[in-house]
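Given the structure of chain D, go ahead and fit chains X and R onto it with the hints provided.
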Amino acid sequence: MRLLSIYAVLAYAFLHLPLLVLTVFSFNHSRFTQWEGLSLRWYTQAFADPALREATLNSLLIGGAATALATALGTLCAYALWKKKSPLFAGALYLSLMTPEIVTGVALLAFYQWLFHLLDLQLGMFTVILAHVSFCLAYVVIVVIARLRTMDATLEEAALDLGANELQAFYKVTLPQLLPAIISAALLAFTISFDDFVITSLVAGVDSETLPMVMYATARRGVSPVLNAVSTVIVLGLGGLILLSERLQTK
Amino acid sequence: MPPDPILQIRQVSKTFPSHKAVDQVSMTLERGELHALLGPSGCGKTTCLRMVAGFETPDSGEILLNGVDIAPLKPYQRNVSTVFQSYALFPHLTVFDNVAFGLRQRGEKAVRDKVMASLEMVQLAAKADRRPAQMSGGEKQRAALARSLVLAPDLLLLDEPLSALDPNLRQQVRHELKALQRRVGITFLMVTHDQEEALSLADRITLLNQGRVEQVGTPQEIYLAPANRFTANFLGEMNWLDDVGVRPESTRLSHQAPEPGVRVHPGQVTQSTFLGDCYHIQAEIGGGRQLMARVPRSQNGYHPGDRVHVWWQAADELHLPQ
Amino acid sequence: MKRLRLAFLAPSALLLATLFLAPLVIVAVYSLESRGAYGGVTPPFTLESYSRILDPLYLKILWRSFWVAGVSTLLCLLLGFPLALFISRSGPRRGLYLQLVMLPFWTSFLIRTYAWMFLLRDTGLINTALLATGLISEPLPLLYNDFAVILGLVYGFLPFMVLPLYTTLEKLDPALLEAAADLGAPPWPALARVTLPLCRPGILAGSILVFIPCLGAYLTPDLMGGGKSIMIGTLVQNQFTTSRDWPFGAALSFSLMALTLGLLYIVSKRSRGEDLL
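Chain order of the listed sequences is D, X and R.
Oh and the first sequence: position 14 is 182 in the working numbering, straight run, nothing missing.
Oh and the second sequence: position 107 is 289 in the working numbering, straight run, nothing missing.
Oh and the third sequence: position 11 is 41 in the working numbering, straight run, nothing missing.
Because the hints were derived from the structure by calculation, they are not lab data.
Note that the structure is a prediction, hence the values are computed from the model and not measured.
You may find that some hints are simply not true.
Simulated coverage check for chain X against chain R, where a stretch passes if three residues somewhere in it have a Cβ under 8 Å from a Cβ of chain R [unchecked claim]:
hint, segment
1, 224-237
2, 249-258
3, 283-291
Residues on chain X that point at chain R, a partial pick, calculated with CB under 7 Å [stated by the list, open to error]:
hint, residue
4, Ser263
5, Ala270
6, His274
Dumping the calculated BS3-like pairs for lysine-lysine here, alpha-carbon to alpha-carbon at most 30 Å [unchecked claim]:
hint, chain 1, residue 1, chain 2, residue 2
7, R, Lys201, X, Lys309
8, R, Lys299, D, Lys253
9, D, Lys251, R, Lys201
10, R, Lys32, D, Lys253
Positions of the beta carbon are idealized from the N, C-alpha and C atoms, including for glycine.
Same shape as in the complex, but just chain D:
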């Protein structure tokens, strides 16, 4: 066990040090990998950058809309699948989770192009949002159904016994108990949507460049201290959301 503990310390260092180092160096005054003292200059630059600001707004908008839709649909879907299992439906959701992102992305791109031949539309904000809803759905269903599985099924039966109809039993008895799980699922969906690059970059239009797309373009050109600062903000923000989400799941 002692050997195992030493190994665990190293493994956790491997998992956490890269992001920690990045965070520390985002406060470095120097442009290079030499420590020159604390500074917030890269944060000031990042916040002043109009391209970054617009991309952030786009990401928030897409994340918000996709999260709202995916959470609503996913919750209903989880409830229905909890009531009666559907291997086919569950299989499709599972597949959507495991399909390589690049395949999902090019398939969506091909689908949109084909559709736009018929409808005279263009890639843009809404194609991105719809794509995000579709790949966030499975995550929402998993989180919500996990909570449903631990729930006492007789509570709904008691509600029905006391004269509620099925819809009333759902929103008066089950939904309130599911609320922490639903919020947790929403936070998770937002994180995934906010972070996505591969699929988004394929289906985005000129008006819908997201933060990861801007960051990717910067990273392709090499390391930039501004990117370190942006990364730190995102890691802290998303990390906070995830901690909150897990807290709600275990509640």
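Just chains X and R now, kept in the frame of chain D:
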């Protein structure tokens, strides 16, 4: 039989963060006996067993096996073997490989004869190729026994060996277990919370309560001459009149006054419960005190409301102050 | 109840059908068509795109993808098993330790890849530090090669290995390990003879859960492999963007998809009734 102790537990204590599990326990096992460690749940009996097996380390005290202190030894260094409550058969191995596990660990190559002999002994030779999941509870128990016995341990530890079995199977397995122990001649230390199991199986019983030894003795000694109220109450049922206790099967009822020379209380029947082979008749005597009498079915003629005499022989009384 | 259930399922079903399944069908159809003059597709139907996958040029990329994904999976298993074992034996702090593994996983994949670029590049932290101590005089070529890609993939998907391994270890009856010790097996032989064989379902599930995303990875080879370490993901992306050879990209996608399906089928067969959904 001259005393020839195989296991001596001396002043052993064990405290867990939440509670004191075992408190200054001492006990001795004679070579070849079937000893039951009896007590209510949480009395420390399983902790005792686990310390002998080596899964727990005592905070203080000694555990001597054949005169040698085994407390510092790891479980895999002790020649004692455990039959677990859940049997703990390895699900990925066949019965044969389960039984061969310990022999192979010792580096033995030709294990086949020993394994089959051990399986034969528990009548499982025909099922050597089965996986544990394909066997009944009784078969699993026998496989676990064979797996331990094949190693010829100095001492076999059994943790609630019958509790995972169907109730109607237990009676039969009890007899088999005792016969097996006599045949192999290995000392058995069995943990149980079931007083009937302990009485019917064990040569001697150690009764544990809240981490302490209450009494040690043969089943007869413990049942007929309990050292204290806990022992008296834990084994069988008791009627108590202040410091005097009397068992329901020694308590008699009659409509007429009994012969002189017995202890007698006039009373009234309050409840009659049918238990198959007998009735439990509850009668109220003066002062609102309730006494229970066990009446054979053929002799029952008592109904709630009847005025009766409740009596017993003075010799059947147990005098145990609170 | 039936009507309510259908009403609840309908929107998700519609969404999955149009935005996930229909696109896959389109990819399947495209993969059988010919390349259009200005990109896109055109009849006649042909299997040519599939046969082109067997072109030595592409086979080499395929082989590299399998090799990189395989090595990454193996490393994840070797690194992940002791970690999962440690977590499963940590008593009441198990939840916290597991969360510490999962936390970086949920925070931006892009940023995690970028963080390694920051460490590995020629003027990155590792090379700067090594140069400063005088251990090396030239920066080590740490980035833009297969090593970097494998490192990035292992870092990215290690949690996918730890989670199923931990779940299997967690469910392991502690009495089985006690029984092994009781029958004379010290810790290491007990690990080899009891723990590892009983972990096989977790090892299989974890390996497949890591192998699938590694094989189809796009971001990591793109950013950390540079132009040298091309994998299937990059090839697919190229066909739909710069090369504009949609049928070939579709055939590649569909092959990748079929492989994913096959591997997933193995997992679902082995882990009866333990699905997430």
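We went through each hint and held it up to the structure:
Here the segment 224-237 of chain X counts 3 residues with a CB under 8 Å from a CB of chain R, which clears the bar of 3, and the coverage holds. Figure legend: the segment 249-258 of chain X, annotated as covered by chain R; annotation consistent (3 residues with Cβ-Cβ distances under 8 Å, at least 3 required). A stretch counts as covered by a chain when three or more of its residues have a beta carbon under 8 Å from one of that chain; for the segment 283-291 of chain X and chain R the count is 4, and the coverage holds. Restraint check, serine 263 (chain X) versus chain R: the minimum CB separation of about 6 Å is within 7 Å; hint holds.
Evaluation of the alanine 270 (chain X) hint against chain R yields a held restraint, the C-beta minimum of about 4 Å falling below 7 Å. Restraint check, histidine 274 (chain X) versus chain R: the minimum CB separation of about 5 Å is within 7 Å; hint holds. Annotation: proposed proximity of lysine 201 (chain R) to lysine 309 (chain X) holds, straight-line Cα distance about 27 Å (limit 30 Å). Between lysine 299 (chain R) and lysine 253 (chain D) the CA atoms are separated by roughly 17 Å; this keeps the pair inside 30 Å, and the hint holds.
Under the criterion of a C-alpha separation no larger than 30 Å, the hint pairing lysine 251 (chain D) with lysine 201 (chain R) is consistent with the structure, at around 26 Å. Taken as a hint, the lysine 32 (chain R) and lysine 253 (chain D) pair is honoured in the structure, with Cα atoms around 13 Å apart against an allowance of 30 Å.
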